[in-house]
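S.K.: Sequence:
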Amino acid sequence: MLDSSILRIAPQDRVAISARGLTISVKSQTKDRSDLESGTSADKATKILDDVSFDLESGQIMAIMGGSGSGKTTLLNTLSQRLSIHNKKLKFEGSVLYSRENTASNIKHAYMQQTDIFLPGLSVYETLKTQADLRLPPSVSEFEKIQYIESLIDVLELQLIRDSRVAAFSSHATSLSGGEQRRVSLAIQLLSKPSVLFLDEPTTGLDTTSSLKLVHTLKKLASPEFGITIVISIHQPRPEITALFDKLCLLTRGGRVVYFGNLLDAGTYFKTLGISDVDHKNDTTFIDYIMDLSVKDTSSREAEEQAILRINNLVQQWKACRKHELIPLETSESGQFEANLKMFRRRKEDKISFMRELVVLTKRSFVLSYRDVLSVLAMNVGSALLAVATGWMFFKPKADLAGIRSITSVLYVMLEVVAFCPMFFEIERLWTTDGVFFYREYSENYVSITGFILSRRFAKFFLEDLPVSLIFAVISNFMWGLRMSTEQGGPTDSSYFGIYFAITLLVELISMSASMFCFAVSPDYSISSLVVNVFYQLQNSACGYFVNARTMPVYVRWVKYIAYFWYGFGALLANQFSGWMGDCPYDNDDPRCEQYSGDYQLKNLGYPIDWIAEPIGILVVWFVGFNLMTFFVFYFKSFDVSIAKTKKNKIGGEDGPHDQAITKEKCSDDDDDAIAQDNEDLEVNVQNVTLNVQKKSLLRKVVFEKTLLDNVSASFAASEVNVIMGPSGSGKTTLLNYLSNRLPKSTSYASNGQLQLNNFIDITPEQLAKASAYVTQHDNSLIHNLTVRETLYYQAKVRLPVEEHVHIPHIINSLIRTTGLIDCAETLIGSEFVKGISGGEKRRVSIAIQLLSRPKILFLDEPTSGLDSSTSVTIMNLLHKLAEENKTTVILTIHQPCEEMFRKFGSLLLLARGGKVVYNGTSGGIEKYLASMNYKVPDDMNIADYILDLVSKNFNEEKEISQARIDDLINQWKLKGGSDTRVTSHNIVDIRNYYHKRLPMYVTFPAIASRQVLTSYRAKDVVISRAGQTIFLTIVHTLFFAPLRNTQDGISNRLGLIQEVLNLYFVGLVNNITLYPFERNLFYQEYKDGTYGVFEFSISYLLNELPTEIVPCLFFSALIVFVCGLPRTAGMFFSMFATGFISINVGESLGIMVNSCFNHMGVAVNILTNFVILAIFMGGTMSLHMPPFFKGINYISPMKYAVGICAKLGFTDQLFECNVEQCSLNTGADVLSYYNLDNDLGAMFAGLIACVVIYRLVAVASIYIRVKYYN
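Residue 516 in the UniProt record's numbering sits at position 516 of the sequence shown; the count goes up by one each step and never skips.
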């Protein structure tokens, strides 16, 4: 079906690629050992690509190969113009030329990244359909789009998951296997109809059969029929795949070329170098052999030095060989990279119209919004609950002075609830999925900034913006008893409600647009939260509620004109109070009645009478303005990926004069005792296990069920490396997760069957998990700002026996050498935004971590994924050694083992799609078993490739034929009714003897605490955000409130300042959201590994948070007390410090509670912000006549005690001037009495201390319950 004309590239648009002397250098952060290999100084720059030259004709496919960290992805990114030439840390030399007949047009290209990112909530088909609508040219008809999508689904074998949701909203976990995710990502990129297609590790996670079919498809696309030029980076291709590549570019460490050309010429070339072993290599081993030549052996320093000499020689030989073959390019280096960048911009004729883009994006956002039920409920139900709660709290206040204060307060409450609470919710969504996905689509030039901004608001308007505003406006207007007539008791005038609703809707829209702006200007979530909070505090202080607009200091009075809160609050006040009169207890002509008039209140607050139309118009301008500012920030924003720094080794353990002796002595004495601590064998037996995933209704009724494992029986040999194989989607990872008790508890499963040890002892997955370790398929538990050595060091501290801790530097250095990580040992792990170690190197770090545990049973999910063949063999040899010396039963899944690996496996479990067993027995026995059914393995074929071909649909094979063969293999095994594994004696073992023994807390706690301190220090954005929240809040308050005056206006300002202190509660919450979710997820993973417990984590997290609470609070107290002008006494200072510190700490505790209960960050953020806002409203200065229910709830809120303490000390012994004939509040005692704030300080401090203790204890309990029962 790929003969569709949609993908065919016109001859004049076909692209050839040539490179000459392409060199990229990055400024080195430290001197390292790279000079040993290159012979150059590392003082100034380190080369990550070094003198790369090649010629690739149009319509050819080139494979970039090499060991992990050899620069494959860097070369791919450079050729695809993804590595920015404007990055100041990089230096570009040489040239790259893209040749085509039609030089007037730009180059259409697509890039498949190494990591898969999908929007949650869409099915596979919906994902592809949306991408087709965005990517395919407008000339393609709807019929052709659907035909093309269906052809891709068929060719890439996505039929079975066509209607499956790609990812969940809450955890963003996917039900697709790793291979299925790769194929969906490839389908998306093929929808771009590219002239040049770049693919970074497209076969990672695919079995060999699927990989072969995928490359066959790519080969057809690169044929003259289609004319697409394809550049691919790849690890461990099977020989049939390698033969399909037109050109091979073999790189070695430092981005240096060892060979470029086709496979046939490679043998001839390496023979000319005098490498005699080439003659003895057949097609199945040749490519692995030449890969081994280019990969450095780091098992020892001597082996490393020999490998460096060999590799340097290979590099020099290739340069000498190619020196006379390369034709100079007709291009100058100056400006050439800039020209290439422009050349890769998308052509106008290939873009869909802006209106079409807007429709597609709006439709997608609308579908995602209504399917994310929890978010919709959180927004709309949250709005209703807040409206009811605040409505009850301020229910229809009387029209006396206290009631007027409450009416003024409720109008501000509307701003706080509608214009602030949703901001953090929106920021979280943008940083979690929506905004990050926009960055990826925008960088690929398929989504415009304007389209993203407008489509988001259009899609959210009817599901969130309008209902949230309407719900809150209707409920609050009624419960607060807001003005509905010109005169009290007069006829109803709905225009008052209309104006109130219009202002509510406008401020909600502005808050969402402001959130987008804060997202755009920030590099990460932590800085976004800081920007939002500072932005809010400026709005808060400038609006005129907490500090009178007339009495604001001159140097900040202008701020109100750029604060939309001021316009919104002014319009609300004018709508409520213009021409309004309260219930004056005196005669109408009594001067004291003036204070009861609405006009007096407006004048006192500094707003004009009937000031409604103008501020509403200005609010509209603000809404448009924030969207325009967001556009320009996005437009000028750099999306470059920075380069991770290298660090100096402060741990030690590197090879020195005595290191080898120490290591050998360690291995021969201590390690042998530790590794061979027993001789008991543990065979794992699976008997008739069936596992179904279920979808249940709200009434817990099963509405959908899918079988993942179908009556699986298998045995995994003791003290050997056992393997589970099968095509993508056959249930390999599911079986591992079932055995290790790691099936997600957020999903409903139904299972039956039995697990045993040694065919005799019944065991549960929970018991098995306690004696095992697990290397997951994804390396998402690595800390991005630790180096490789530091990562292993801290893991060794919590995994190795105490008596071995003195040897940890040498143990991890030996492990680093064994796993081939020596060259990146001092490099930061890195993240999506900071380029650190490669994907293959991350894989090895994850494996090394679990090897430190020396478990009795070790599970590994795709341990060789992303690794070159040489490193894969090294890892497998390490696992075999562990199995032999430590009597460890190793069970792993693998997709692409070489024959050398396969022959060494103990038992083999072969699964077909649907989790059906095809074979279980010794790896050596499958050949004989298949031969008995007339399936003979060809002599020149890797047996692992052959058996995977048997249980998969092969390229150009009819589906019916392949399915008949697979069904026959399944049925034959059922008839056989048994396993071909070796029979193990029924040894009685006590599995509890092998449970992972957690180290004493005095050992694990210092390691966890020091690691958290180090990572926090390096995460400067997080430190700036956590400390900056309080510091910037302090500065804003000081600017607006200093100096406090003892006038009647000064009373409200002083009350406003005390109310603003309560925002520190929210600061604690924001601080928690910026740090805790990552620390929580890391702890969940390490808790499963049994390395440390809840107590160590909780105490280390507390110690980590204290510096960013204590130090900023001292600054806060100093400015608020001594600069603003509260009583300048030691008691006031230390009381302000205590209330501030405890407010932040309790906010952190509250964040821990909620974030431990909810995986859905959006829901957690919404709940937290709503709860804290209510606590601040109940604090004491806004609601003067709370119902008994809220008064009772207020006793468990730290805000009640914080306000009580600050008000008592802030008003005691104060005298206030009166600017009218008579005032009711002349002294601080009058104020305390009137506002019911004359409290017992001792009781207030006792309540505050009780809150900080109880909240933290409940927080720790929530962590314990979560990891114990729901992790």
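Just to be clear, a hint being listed does not mean it is correct.
What the hints assert, rightly or not - Label pairs and their in silico Cβ distance ranges:
hint, residue 1, residue 2, range
1, SER485, PRO1043, 48 to 56 Å
2, ASN313, TYR1264, 58 to 66 Å
3, LYS637, PRO585, 43 to 51 Å
4, GLU305, PRO1006, 46 to 54 Å
5, GLN1085, LEU470, 55 to 63 Å
6, ALA243, ALA931, 23 to 31 Å
7, ARG592, ILE1035, 58 to 66 Å
8, ILE1265, TYR1017, 45 to 53 Å
9, PHE354, LEU1106, 47 to 55 Å
10, ALA1229, ILE1265, 45 to 53 Å
11, ASN313, LYS745, 30 to 38 Å
12, ILE1265, SER1224, 14 to 22 Å
Simulated from the structure, these hints should not be mistaken for lab results. Heads up, the beta-carbon is just placed ideally off N, CA and C, and yes, glycines get one too.
S.K.: State for each hint whether it applies.
M.R.: Okay, the hints, checked on the actual structure:
At roughly 42 Å, the beta carbons of SER485 and PRO1043 sit outside the given window of 48 to 56 Å. Range check, ASN313 to TYR1264: Cβ separation about 59 Å, and the 58 to 66 Å hint holds. Distance hint check: the CB atoms of LYS637 and PRO585 are about 60 Å apart, inconsistent with the given range 43 to 51 Å. For GLU305 and PRO1006, the hinted distance range of 46 to 54 Å is not satisfied, since their beta carbons lie about 37 Å from each other.
Between GLN1085 and LEU470 the Cβ separation comes to about 43 Å, which falls outside the hinted range of 55 to 63 Å. For the pair ALA243 and ALA931, the beta carbons lie near 26 Å from each other, so the given range of 23 to 31 Å is met. For the hinted restraint 58 to 66 Å between ARG592 and ILE1035, the CB-CB distance of approximately 40 Å leaves it violated. Distance hint for ILE1265 and TYR1017: a CB-CB separation of about 31 Å, inconsistent with the stated range 45 to 53 Å.
The beta-carbon spacing between PHE354 and LEU1106, approximately 52 Å, falls within the hinted interval of 47 to 55 Å. For the pair ALA1229 and ILE1265, the supplied restraint of 45 to 53 Å holds, since their beta-carbon distance comes to about 47 Å. In this structure the supplied range 30 to 38 Å is violated for ASN313 paired with LYS745, their Cβ-Cβ distance being about 55 Å. The supplied range of 14 to 22 Å is broken by ILE1265 and SER1224, whose beta-carbon atoms lie about 52 Å from each other.
Comparing the model with each earlier hint shows violations of hints 1, 3, 4, 5, 7, 8, 11 and 12; every other hint is respected.
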